[in-house]
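Order-wise, the sequence lines are chains V and W.
Those letters in the first sequence? Residues 1 to 280, by the working numbering.
Those letters in the second sequence? Residues 1 to 313, by the working numbering.
Since the hints were derived computationally from the structure, they do not count as laboratory data.
Wrong hints could be hidden among the right ones.
Below, simulated BS3-like cross-link-like pairs (lysine-lysine); rule was C-alpha separation at most 27 Å, straight line [stated by the list, open to error]:
(1) W:K171 <-> W:K244
(2) W:K113 <-> V:K237
(3) V:K5 <-> V:K237
(4) W:K113 <-> V:K5
(5) W:K244 <-> V:K5
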Amino acid sequence: MTAYKLRRFGAGVVFYVLIIGFCAVVLFPVYWMIVNSIQPLAHGMQFPPPLFPKEISLLPFTTLFDSYPVARWLVNSLLLAGMTTLIVLALAVLGSFAMTFLKWRGKPAFGLLLLMTQMLPEALVVIPVYAMYRNLGLSDSLPALSLVDAAFILPICIWVLKNSFDSIAEEIYEAALIDGCSPLGALIRTLLPLSAPGLVAVSVVAFFYAWNEYLFAVTLVTSPDSRPVAVGLASLKVMLDTPIDRVLAAATFFSIFPVIFYLLIQRYIVTGLSAGAVKG
Amino acid sequence: MLQSEVAEQDRVTFTRRPWRRRQNSLAYTLVFLIVAYLGVFILFPIAQQFLTSFSNNVVGVDNVTWVGLRNYERLMEDEDFWFALQVTLTYMAFVVVGAVSLGLLSALLLNRKFRGRNVARSAIAVPWAFPEISAVLVFIWMCNPTFGVMNVFARLFPGIEQNLNWLSDPKLAMPLVIILSIWKAFPFTFLVILAALQAIPREVYEAAEVDGANRLQMLRHITIPEITPTLLLMAVLMSIFSFKQFTLIWLTTGGGPYGGITETLVLRIYQTAFRFFDLAYGATLGVAGFVIVLGLTLLFVYAQQRQDRARRS
């Protein structure tokens with residue numbers, strides 16, 4: 001091997017060590033969560049804890065459903081996230097259609113309104129919404145909670161979908177109009193089928209926003225029976241006697257779905273999420 | 001913004017068709033629907049907060065009256081408010097700088113072609129997709145003073161013989177919350193910056209190579225200028241992310257360990273209304289927060305337009 005080749009080989013090794021080390025550090029919390037949820041509790045409850053599992057036990061996962069109303073939480077979360085997704089899909093399709101294909105005055109103002117909504121901390125709005133819901137007798141209702149969640153994630157979803165509409169040539173839309181479609185007919189028959197990835201992306205974003213959302217859920221839902229998983233999980237944190245293996249088993253279970261779906265649709269939403277633009 | 005509006009107008013006159021009128025009213029119907037929806041859940045609550053901030057509404061007090069600017073006078077003199085603002089700015093500054101620079105570094109590292117690049121890319125994207133609640137739960141467990149794995153690593157450093165108390169140590173609480181937030185936030189900046197890096201035309205680098213530029217010179221004179229608008233945009237987005245952040249801080253330290261040393265403005269608002277039941281003053285703090293959001297939004301519009309202009313030219 002010549003000196004040059006040797007140096008290149010050495011640089012390659014250093015590069016891979018760097019990448020693997022960095023990924024290991026980034027993924028460590030995820031790894032630690034999984035390890036502590038698949039080993040017997042005794043291994044985690046000692047110092048120093050073993051860095052690699054010595055024994056695998058699925059007991060935390062199997063006892064999870066007996067110890068806590070996890071099944072109930074899951075049903076609540078599915079209902080909540082499902083309703084949020086439906087509302088967001090309907091409104092985001094209409095909104096980004098108007099933003100992309102229709103001509104009207106006031107687009108920049110509308111864009112600015114969406115942008116401001118997107119920037120708003122949930123904590124600024126939760127107090128008046130809580131008061132409003134209490135006056136209307138809507139506290140503790142999952143559909144009412146999904147309405148708020150949908151309002152908060154709607155702007156981002158409009159940008160994501162607009163991004164996917166933007167890639168459709170305007171001629172296609174105009175051709176549908178010339179063929180006798182009404183604007184909404186053209187939207188349903190030609191634009192929506194062409195933007196399937198965008199629709200999937202928007203559904204994932206909306207679904208897991210409601211799935212993960214904590215502040216509105218913990219404030220607006222009062223009875224333990226209607227808790228979604230996010231609130232149920234966070235309530236385990238407060239109980240000091242909760243066996244950590246089961247808490248982390250629940251957390252693992254809770255995280256699998258968003259991680260898989262987000263990574264699958266990642267390339268469709270990254271541009272949209274950073275593009276919340278006032279492009280008029 | 002204005003230029004594109006003019007262009008839009010031109011196009012409108014060009015495509016004047018019989019159905020234009022109907023289409024126009026359709027646009028306004030759709031937009032009205034969305035504005036009304038956001039109105040009920042976002043605009044109306046904010047307007048209500050503005051009104052409440054001029055009253056003395058406290059839970060349990062019967063005669064609620066208008067008190068003019070009294071809450072705002074209190075705000076000016078409220079040391080807790082200024083302290084919370086200071087905490088917020090510190091937290092924001094560290095998260096913005098940390099998330100953007102870590103995102104930039106990892107994007108530069110992964111911009112090369114190598115075997116397993118997609119795996120590494122997905123691995124780094126995981127924290128972005130990871131739920132905040134799960135992150136909090138495992139983080140608290142890692143920081144457990146008795147069994148936490150953080151102490152295993154801490155003890156590798158010379159001079160640390162005792163287990164540390166992590167989240168209840170006033171010196172460590174803020175850095176830990178910041179690290180957790182950066183961990184959650186930087187993968188997003190990584191993904192966006194990587195996309196920006198890959199959009200730089202290869203010919204530019206080839207030309208520079210012909211001219212005899214070395215790697216460092218290329219980084220300084222080509223890569224960094226090309227992605228500056230993206231970096232600026234990410235800095236603004238990260239400042240919004242950190243300003244909004246509630247769950248990560250609330251569930252790890254709750255604003256403590258004591259004296260509100262990790263209590264950002266958003267937490268303070270929540271506490272004032274839901275723990276001290278002072279709705280009027282909570283609303284006043286909310287208005288202050290709203291003013292900051294407005295400022296950040298304008299900054300975002302500016303950053304966005306800069307990036308847009310850079311892309312077009």
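Does K237 (chain V) lie within 27 Å of K5 (chain V) when you go C-alpha to C-alpha? Violated, at roughly 54 Å.
Hinted pair, alpha-carbon criterion (27 Å max): K113 (chain W), K5 (chain V). Please report holds or violated. 18 Å, holds
Take the C-alpha atoms of K171 (chain W) and K244 (chain W), compute the straight-line distance between them, and say whether it is at most 27 Å. Status holds; Cα separation ~23 Å.
Check whether the Cα positions of K244 (chain W) and K5 (chain V) lie no farther apart than 27 Å. Cα-Cα ~51 Å, so violated.
Verify the proposed pairing of K113 (chain W) with K237 (chain V), using a straight-line Cα cut of 27 Å. 43 Å, violated
In summary, the structure is inconsistent with hints 2, 3 and 5 from the numbered list given earlier, while agreeing with the others.
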